[in-house]
Amino acid sequence: MEMLTEFGKIFVFILVAIIFVAISLFMAKLIRPNRPTKEKLKIYECGEDAIGSPWVKFNIRFYVVALIFLIFDVEVVLLFPWALSYQDYGVYGFLVGIIFLLVLGLGMAYEWRKGDLEWARPKPNIPEIDKVLNNLPSQLEKTKT
Amino acid sequence: MFDALSELFGSPIIAAFVSAIVPLVFIVPFVIIAVYMERKVAGHMQDRLGPMRVGYHGILQTVADFFKLLQKEDITASSIDKRFFNVAPFLVFAGSYAVYAALPFTSSMLGSKIDIGLFFIVAASGLVVAGILMAGWSSNNKYSLYGALRSAAQIVSYEIPTIIVILSVVMFTRTLSLAEMSEMQTAYFWNWNIFGGAEWNLTKLLITPFMMIAFLIFYISSLAEVNRTPFDMPEAESELVAGYHTEYSGIKFSMFFLAEYANMFAVSAIAVAIFLGGYQSPFGYVGNLIGAEWLVQVEQLFWFISKGMFFVFVQMWLRWTLPRVRVDQLMTICWKYLIPYSFVNLIIIGIITLI
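Top to bottom, those sequences are chains V and F.
Okay, so the first sequence: first residue is 1 according to my numbering, each after it adds one.
Okay, so the second sequence: first residue is 1 according to my numbering, each after it adds one.
It is worth saying that the hints were derived from the structure and are not from the lab.
Glycine is no exception: its CB is placed at the ideal position from the N, C-alpha and C atoms.
Please note that the accuracy of each hint is not assured.
As the list claims (entries may be wrong) - Result set (DSS-like, lysine-lysine): computed pairs, CA atoms no more than 25 Å apart in a straight line: (1) V:Lys38 / V:Lys57; (2) F:Lys113 / V:Lys29; (3) F:Lys72 / F:Lys82; (4) F:Lys113 / V:Lys38; (5) V:Lys42 / F:Lys68.
As the list claims (entries may be wrong) - Stretch-level coverage of chain F by chain V, calculated; a stretch enters the list once three of its residues show a Cβ under 8 Å from a Cβ in chain V: (6) 79–89; (7) 98–106; (8) 171–177; (9) 222–233; (10) 264–277; (11) 341–354.
Let the sequences and hints guide you as you build the complete structure.
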């Protein structure tokens, strides 16, 4: 009798998910109407005509977050086998992991200090009465003369 | 269950397919009930009634919605990237469904007995991010792209505290398999991991508060991972229309919806399996008392689903209690609070396990 590994079963799971989506899409295709018009086929941006390409430049922060995530993720993958087995090596095994974590914490502290963890925040623009008065046209004329 | 099925069908392949369909049989009714529940909970929390017209107290509302979605015209705008646009729903649903392969519904109802269950779950949830990015990028819509980017940034950021918390639990239980982890928390509720596991010693006493902190961190970050309020920045209706699925309509949209609700149950179920005993009953089994083996399985299924449903309810409760956070607050919560806390928590749990 042919065998199936545990990962094979997971593969079957993913296959079942794909087949399920395919069947539902196909069923809907049989039932639903299809009457496209030019207006309908426009992309939806709140009923306005879309201006320019949507593939705009976005905030550089997204890249920074992705990079920091990458570092942390790789580190976490390394920590998984450690977490399973450090108790076999007692305090020594634990300390090895802690040193690794400390180095990582140092990197995180550096990122924090450099401001890479800050997200762009709207700066409040509070009007100051002195500045407003100084910039009044009558005031400007006075300072000129 | 798999062995019994392959006995029955005579082929492990057919047995695998049948056991893979079982969670689907659970998910589809679950989504129909959960959407109804969401609307009812929302209604009653805001002092309204919610859906009332279709069936008794609107019970058939979501069934009607489902048939409506099935009949809806599928509008694919002319300027989108069709290939990725069509692949994205498959990827998102496959990603959230793959998680169910490692979830133990009962001690025998389990898709796959892999030893690295939790690790696999973390990896499989990455598929969802790829699907969401694909959906947002191919939609050729500014709102979709922003929604997808926010969603990706949010999910990957909150994955880190989740994994660190999982690590600290793994350091305590020394297994990555959810089935084994649930098996260890057997008998009564004070044996659950959140109360320091099954052994009565000094470790249990010391570790309990830190396990509770770990559970809290895990629950908060899992909320963010499934894009639920207060972390629903990717779908912020008032800013981004509908986020990454703005351009989707009809059945394709409902696939995203299905995946989202499947994810909601999945993260609740993972939290339950790690911290709250999984399928174990808090008060022992009636089946053991009267000596009926099959009844134990039924009870386990009941406890697993009701614990999972309870946390799904808490997610809905939070949705109507807390306001949405700003995007900078979102990142601050993750990087400056949850990650340092979970790191310290990991180190403390490590020290306690060595005692």
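Is the listed coverage of the region 98–106 of chain F by chain V valid when you require three or more residues with a beta carbon under 8 Å from a beta carbon of that chain?
Satisfied; 4 residues make the cut.
Within 8 Å of chain V's CB atoms, at least three CB atoms from the region 341–354 of chain F: coverage verdict:
holds (count 7)
For a C-alpha distance cap of 25 Å, please report whether Lys42 of chain V and Lys68 of chain F respect it.
holds (23 Å)
Does Lys82 of chain F sit within 25 Å of Lys72 of chain F, going by the straight-line distance between their CA atoms?
holds (19 Å)
Proposed proximity, Lys57 of chain V with Lys38 of chain V (alpha carbon, max 25 Å):
Violated, at roughly 28 Å.
Hint check: Lys113 of chain F vs Lys38 of chain V, CA-CA at most 25 Å. Holds or violated?
Violated - the C-alpha atoms of Lys38 of chain V and Lys113 of chain F are around 52 Å apart, more than 25 Å.
Are three or more residues of the region 222–233 of chain F within 8 Å, CB to CB, of chain V?
violated (count 0)
Proposed proximity, Lys29 of chain V with Lys113 of chain F (alpha carbon, max 25 Å):
The hint is violated at about 37 Å.
Checking C-beta pairs, does the region 264–277 of chain F have three or more residues closer than 8 Å to chain V?
violated (count 0)
Does the region 171–177 of chain F contain three or more residues whose Cβ lies closer than 8 Å to a Cβ of chain V?
holds (count 4)
Are three or more residues of the region 79–89 of chain F within 8 Å, CB to CB, of chain V?
Coverage by chain V holds for the region 79–89 of chain F (3 residues, Cβ < 8 Å).
Of the numbered hints stated above, those contradicted by the structure are hints 1, 2, 4, 9 and 10, listed in ascending order.
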